[in-house]
Structures are given as structure tokens and as C-alpha cells.
Amino acid sequence: MSFFELGSAKKSDLKEYYDVAIIGGGPGGITAGIYAVQAGLKPIIVEKALDGGQINNTQSVENWTGFTSISGMELSEKMADHARAFDVPFTYAEVVDIETNGLEKAVVLDNGKRIKSRVIIVATGSNPRKLSVKGEEEFKGRGISYCATCDGHFFSDKHIAVIGGGNSALDESLYLSKMVSKITVIQNLPKLTADKLLQTKLNETGKVEYIYSSVVDSVEGDSQVRKVNIRNVDSGEITSLGVDGIFVFIGLIPNTSFLKGKLEMNEFGYIRADDFMETRTKGVYAIGDVREKEVRQIVTAAADGAIAIYHAARNYFND
Amino acid sequence: MAKLLPDNITKQVKEIFSNMEGSVKALLFKSEKNCDYCSTAEQMLKELSELETKISYEVHELDSEMAGKYSVELAPSTILLTPDGDDKGVRFLGIPAGHEFGSLLQNIVSFSKGAISELSAESIKRIETIDSPVDIKVFVTTTCPYCPKAVLTAHNIAMVNKNVTAYMVEANEFQELSKKYGVSSVPQIVINDKVTFVGAYPEGQFVDQVMKAV
Chain A
11 MSFFELGSAK
21 KSDLKEYYDV
31 AIIGGGPGGI
41 TAGIYAVQAG
51 LKPIIVEKAL
61 DGGQINNTQS
71 VENWTGFTSI
81 SGMELSEKMA
91 DHARAFDVPF
101 TYAEVVDIET
111 NGLEKAVVLD
121 NGKRIKSRVI
131 IVATGSNPRK
141 LSVKGEEEFK
151 GRGISYCATC
161 DGHFFSDKHI
171 AVIGGGNSAL
181 DESLYLSKMV
191 SKITVIQNLP
201 KLTADKLLQT
211 KLNETGKVEY
221 IYSSVVDSVE
231 GDSQVRKVNI
241 RNVDSGEITS
251 LGVDGIFVFI
261 GLIPNTSFLK
271 GKLEMNEFGY
281 IRADDFMETR
291 TKGVYAIGDV
301 REKEVRQIVT
311 AAADGAIAIY
321 HAARNYFND
Chain B
5 MAKLLPDNIT
15 KQVKEIFSNM
25 EGSVKALLFK
35 SEKNCDYCST
45 AEQMLKELSE
55 LETKISYEVH
65 ELDSEMAGKY
75 SVELAPSTIL
85 LTPDGDDKGV
95 RFLGIPAGHE
105 FGSLLQNIVS
115 FSKGAISELS
125 AESIKRIETI
135 DSPVDIKVFV
145 TTTCPYCPKA
155 VLTAHNIAMV
165 NKNVTAYMVE
175 ANEFQELSKK
185 YGVSSVPQIV
195 INDKVTFVGA
205 YPEGQFVDQV
215 MKAV
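Line by line, the protein sequences give chains A and B.
Throughout, my numbering is defined as the position within the first sequence, counted from one, plus 10.
Throughout, my numbering is defined as the position within the second sequence, counted from one, plus 4.
FYI, nobody ran anything at the bench for these hints, they're computed from the structure.
Treat the numbers as computed from the prediction; the structure is a model and nothing was measured.
Note that beta-carbon positions come from the ideal geometry of N, C-alpha and C, so glycine has one too.
Any given hint might turn out to be false.
Claimed, not checked - Simulated restraints, written as ranges between beta carbons of each label pair: (1) S75/B / V118/A: 36 to 42 Å; (2) N23/B / T210/A: 34 to 40 Å; (3) G72/B / N213/A: 30 to 36 Å; (4) K50/B / A95/A: 41 to 47 Å; (5) D232/A / Q213/B: 42 to 48 Å; (6) F13/A / N23/B: 19 to 25 Å; (7) M189/A / E65/B: 30 to 36 Å; (8) Q213/B / E247/A: 38 to 44 Å.
Stated by the list, open to error - Computed list of lysine-lysine pairs in DSSO-like fashion (alpha-carbon distance at most 27 Å, straight line): (9) K15/B / K88/A; (10) K198/B / K123/A; (11) K140/A / K52/A; (12) K183/B / K21/A; (13) K123/A / K184/B; (14) K52/A / K7/B; (15) K140/A / K183/B; (16) K37/B / K126/A; (17) K144/A / K184/B; (18) K21/A / K198/B; (19) K183/B / K123/A; (20) K7/B / K88/A; (21) K34/B / K25/A; (22) K183/B / K20/A; (23) K20/A / K184/B; (24) K21/A / K37/B; (25) K73/B / K20/A; (26) K217/A / K140/A; (27) K25/A / K129/B; (28) K198/B / K20/A; (29) K166/B / K144/A; (30) K188/A / K166/B; (31) K184/B / K168/A; (32) K15/B / K21/A; (33) K7/B / K237/A; (34) K198/B / K144/A; (35) K184/B / K52/A; (36) K168/A / K183/B; (37) K188/A / K198/B; (38) K20/A / K37/B; (39) K183/B / K192/A.
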């Protein structure tokens, strides 16, 4: 990260109407913004935190064509700069509701503002999944964390547990290994699912040990987390591990709670859309990680954005 | 001290400052001892004031009369004043670098326009009813991308009502304070030492928490 991040200071003045309101400034939303301008439309991107979204948490992206290896933050910045070069406006707020009745739609922001638009594109991505175990709510903010870059500093020279064995868990462990003294990775499966290369890098730090086929049963402590109780999924046996902190990276859940009852979703909360990314609600599209689909990658999110704009431009702005 | 702001950032900062209307003065409170970031904070303000003539700054010691006037106890502390010289209760404890640099820039632009709160009409109405002192501390780290949202919400709350003072607190610089409040995840918000929550809540929910602490 740069010593000086401009973040939401780069916001644009908000107008009352846009052709396309894009909710979420990740790779899908940003790409949709660029394609919209190129199609002669006026888009706006509404982002709640940071340009690029979740990819900011990835230390190195090695499957975005054209870059052998690039940090998620740098890629985010390049994507947002690309959009700004095409005069795509950004505003920073959390969307709390959408209005989808009629031809003119609206996006309602937490700061009370309302953006009218002809088309809405939902590109809200996902948030970290929680453990849903005893002690999690109690110790959230007191040793349980879901953001390594935010909170890693508080665990200098401490022993932490990382829950999860996928790419994001190991990527974040690699980041945390620079500050903590020891990491115990707790994985529910008999082996890690992260890429081999990443496993090798993490093992080279010499700070990591693994507990396989195990899940968190509960978290205990006093004013801070003191131990994590782990249940073996085969034997059911419970063991305790003394730790100072717990970082949870066990996958993601779609950011769709504000859309319940508004758009059709599957049982996990992912939005259903057709081959053109349009939902059952005409003029409302879903792209990227938030959409019900097989492959959730930066490149597929970007592709979704392009497809949605092509369809919207032809069907709603052809007059 | 070598120049802090790189050229590519300077260009973008100038663009952001082109939205300023009146002049903004920053008061920086520093201390000779136990202040690793005081000189960096001063350098940062110096460079910002060189970029835009509408920005000026004054440096005061922690044991000065001015520090007493503004009830400043820790260094570095930065306070912004509107073109009319009004203190709106907006405070930065520690250096607003990293992701908080954006918060500082937005506050500066907002102060140049008289620090009119950007909260919704509904939130403003609720905050206006507060008639006793409210102290909001937003603990952050400079590497936390979700923190500016909480800082800006708190600062915009302070702009509404003279009774509210809202602090950004850089948790790594003020470890004793962080320890006192048990900070291990950011943003952590502490209101009147009574209500605590973790996370960048949407505006309405943040205001709910403030009203709970009154």
C-alpha cells in the first residue's frame, strides 16, 4: 500500500440521473463502467469502501492476462484509473435499497441520497463468511478478525490461528507471517486446497503448522481470545489450542442482504441471471461474484460486466 | 526531510483541492518527546499548504496555551478550522496517512465550504437533538480500507453539533489508548466510553449507536 491513498476523496459530484447505476466498484463494476462509456451511456459506480473491492486483499494476482504477477491493490488502482481516464464517475456510499418498479429505477444510499437510473447493475461481490460458532460474536474485535491488512499489526510476535486452507487463507497467512511469531492453519479437509506454489511459499517462512480434518467448535477467552477449541471431523474429538488471535478465511458470502425480496436469488443468496446477466427484473443485471455461477475470478467478473452492458445498451437505450 | 508526496499523488491532490472554496487552517499539536510521527505530520501539512494557497497551518506544542484551549492532550493532533475560524470538533490523533490520507483531504475540502455535514437530513435531525457532550473515537490503522468510511461518518456527525467531538485515532501510534479500549480489529468505535462497536456501519446504524450513548 502507498503511504498516501486518496480513496473516496476522488469522488465525483453526484447528479440526479444516470443511464446505468453500477453498485460495487470491483473488477466487474469497473469494467461495466468502461464499456458503458464506450457505448455512449452515462454510468455511475457506487462503491462502499475501496476501488477494486475484495481483490485488494490478494497479495499477488497471477491470472489476469497481461500481468505475470501484480498485487491486488495495484491492479485495483490501475482498473479504477482506467475508468477515470474514460470519465466514469465514482461515488462512495453503501447502497441500502433499490427501487425497480417501472422504467425509471433508483438506488438509495445510506447517506440519504437517491440516484435515478434506467438500468441497475448489481456488482456487490461478497464478504467473508463467518464461523458461526460459540464465542464468535463475543470475541469479534477482541481477537477474531476477517481482515489481515487491517488488523495484522495487533498480533506482532503472537501466535495466531488461521481458519481455512484455500487460496485466500494461505495468501493472508503469507502476509501475516511477516508480523506474527507462529501460525496454526486449521483446515476442515484432509489437505489444503490452495495452489501448490502458495503452499511452498508459506512453508518457506518456517512459521506455519497445520491441523487437518478439523473445524472450530468454539472460541474462549477473557477480555481477549485465549484459545480455540477444535473438533476433528472424523473422530469428533475436541482439542484446545492456546492462541492470541484467530483470522477467519473460510470463503465468502454474497452481498445481497439489502436485495432480499427484490431480486431472485438461490438458497445461498447468489442472484440468478440469464446468459446476458439480466435478472428476472427487467433492466436489473447481476455481474461478478454476486451472480449464481461456476467460476468466480477477476476475469469472469470483468467479462460479465461487458456482456451486461452490451445487452443493456441494445435493449434499453436503442431509441 | 525528503519530500513525502510523490508526483503522481501531488497531481491528484491538486485536482481534489480545486474543489475548495474558502481557506482552511490546520492546527498541528506536537511534542518534542515520545512522538515518532510529529515531524512527518508537520512535513505533510507543509507540503499540502505548498500545493494549495487556501491551506495554511500552525504548529503548537502540547504544553502551549492553544493546546489547553482546544483540550489537546496527545501528539500529533490535527484540528481543522473553517474559513471563519470555527472548530467543528473534527480531530485526527496520529498521522492521517495511508487510507486516512483520503479522509483528511475530504475534510479539508469540506471545511473550505464551511464544514457543512454531508449526512442525510434524517441523521442531521437526530444529531441536532444532542445536548450533552459526546466523544467519538474511531480507532484505525493506515492499512485498513474500511476505516475511512467510519472516520468520515464520525467527522460528519461532529460537524452537525457543537457537543460532538470526533477523533480518528491511529491505533499503532497510540498503543496505550488502544490497549485501554482492547482494540484488536479496526475500525473500532468507542462513544463516550460507553458504546463500542467494530466495523464500518452504514450511516443510519452509526447514528443509532451515537444516540444510544447519549
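Hint by hint, which ones does this structure get wrong, listed from lowest number up? 2, 3, 4, 5, 10, 11, 12, 13, 14, 16, 18, 19, 21, 22, 23, 24, 25, 28, 29, 30, 33, 35, 37 and 38
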